[in-house]
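Chemist: Chains as they are written, first to last, in our numbering: chain A, -4 to 222; chain B, -6 to 212.
None of these hints come from the bench; they were simulated from the model. Be a bit skeptical, because a hint or two may be false.
Footprint (simulated), chain A over chain B, 3 or more residues, beta carbon under 8 Å [unchecked claim]:
1. 46 to 57
2. 77 to 87
Taking CB as the label site, the calculated pair distances span [what the hints assert, rightly or not]:
3. A:Leu58 - B:Ile39: 39 to 47 Å
4. A:Leu211 - B:Ile39: 53 to 61 Å
5. B:Arg2 - A:Arg64: 35 to 43 Å
6. B:Ile99 - A:Ala27: 37 to 45 Å
These numbers were taken from a predicted model, which means no experiment stands behind them. In this text, a Cβ means the ideal position worked out from N, Cα and C, and glycines have one as well.
One-letter residues, chain by chain:
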Amino acid sequence: MREKITYVLAAIVGALLVSNLYTILLGLPDEANQGAIYRIFFFHFPSAITSGLCAFLSLVGSLMYLYRRNLWWDAFAVSATELTLTFGAIVLMTGMIWARIIWGIWWAWDARLTSTLVSWLAYASYLIFRRAIEEPTARARFSAVISIFTFPGVIISWKSIEWWRTQHPGPVISIRGGGGMAPGMEAAAYWNLLPLAVLALILISIRLRQENAQRLLDGFRRQAHEI
Amino acid sequence: MVIAGKDLRAELRGKETINASLSFSLVILLLFSFAFDPTAEETRAICGGLLWLVFAFAGALVLNRSFARELPNDCLDALIASPLPPSALFMGKVMANMLILMTVEIICLPIFGLFYNVNWTQQFGMLFLVLVLTTWGLTVVGTMFSALTVNMRLRELMLPTLVYPIMIPGLLAAIQLTTLLAVGEPLTPDYYPWLKLLAGFDLIYTLLGLALVDTVLVG
């Protein structure tokens, strides 16, 4: 049953992404000032939101693990962190491509870019840290603490465009008081956010099953060693 | 408090951490001056970053020892088993580390002023505030991760890997403020957000540290 739901959702996501691609590449006109490159925004912004969402899920998983002490939540936190990194990488790369065209440079050390990269590195060191501990409950406990300590960085990254004058554009989305986009364009951005966010959730659920299966296997292996 | 006293007494008798981190800081300060050979104008531009890199490295040395020194004779287990609440143990460790690191910083500052020909005393009050706030943030985060990594292999490597990315917002604010203050210029209103960021950083991580230390130490 669960597998079927996953497949159906994945098929819907795939279809939606393709139809979005059509809207983004052919349906919408070039932007007045930026030309064709602005289309990367339709992947940059949804990936950023998805990455932040995954970071939040990682926080939830970590808090729930500390509260419930069930390793399922630890597996959930790891899966969410991995997706945070994946979508974070997409955000950084699409942003750099855009910056190369618009600013003429790949990277600028402004508050938004720096804080995003720093959070990305912090979540990467979370994964590195996990590999250094063998014992599952200690690993879950310690990495939950690290994940909670890392999350404030995500909030700084999210709010940085309001707190500092950054080279990165300020808010353009109308719900954050931006209003810098034509309605059709903004809708297209949300329509691309939906499948990407659902894709992240699907991937989390797949990784979650792998993590849980892995834990069972490790448990059996340990039992076998004892015998 | 008892823990802070104990750690400081151990430190005063052995002086191993403070000597190591102090001489390390001085070597780094020297290396920087060879590496960049800065003019007076360049020094004004880089002094904040330079000082905080030195202090952050020195901090990693101090923090590594903080819990590691309890490992011989199973002192850490004894401390956890004692009636002391884990949060008190944590705060004691933070205070001791803070004092040790502050000592290193206060000794380094005049030497920095001497080597780089900088008159750092004019804004000393504000500079001291920035030092206190940042060192507090660094030790809170660092002591927490020191407790996390104490039983790991690669402990010395893991601690900086984890602490520095999380410290960057705080360090960034400190660097901005120090660059201005260390050369004796007063703060302009432009810089108040950095001060707020630093204070907010300390507050959030102190609360997080106090809330989570039970889980880290006891389980």
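Chemist: Does each hint fit the structure? Answer for all of them.
Modeler: Tested hints:
1. With 0 residues carrying a beta carbon less than 8 Å from a beta carbon of chain A, the segment 46 to 57 of chain B misses the three-residue requirement, and the given coverage is violated.
2. Here the segment 77 to 87 of chain B counts 0 residues with a CB under 8 Å from a CB of chain A, which misses the bar of 3, and the coverage is violated.
3. Between Leu58 (chain A) and Ile39 (chain B) the beta carbons are some 41 Å apart, a value that agrees with the proposed interval 39 to 47 Å.
4. The supplied range of 53 to 61 Å is met by Leu211 (chain A) and Ile39 (chain B), whose beta-carbon atoms lie about 54 Å from each other.
5. Between Arg2 (chain B) and Arg64 (chain A) the CB atoms are about 37 Å apart, so this pair conforms to the stated range of 35 to 43 Å.
6. As the Cβ distance of Ile99 (chain B) to Ala27 (chain A) is approximately 57 Å, the hint placing it in 37 to 45 Å is violated.
Violated hints, listed in ascending order, are 1, 2, 6; each of the other numbered hints is respected by the structure.
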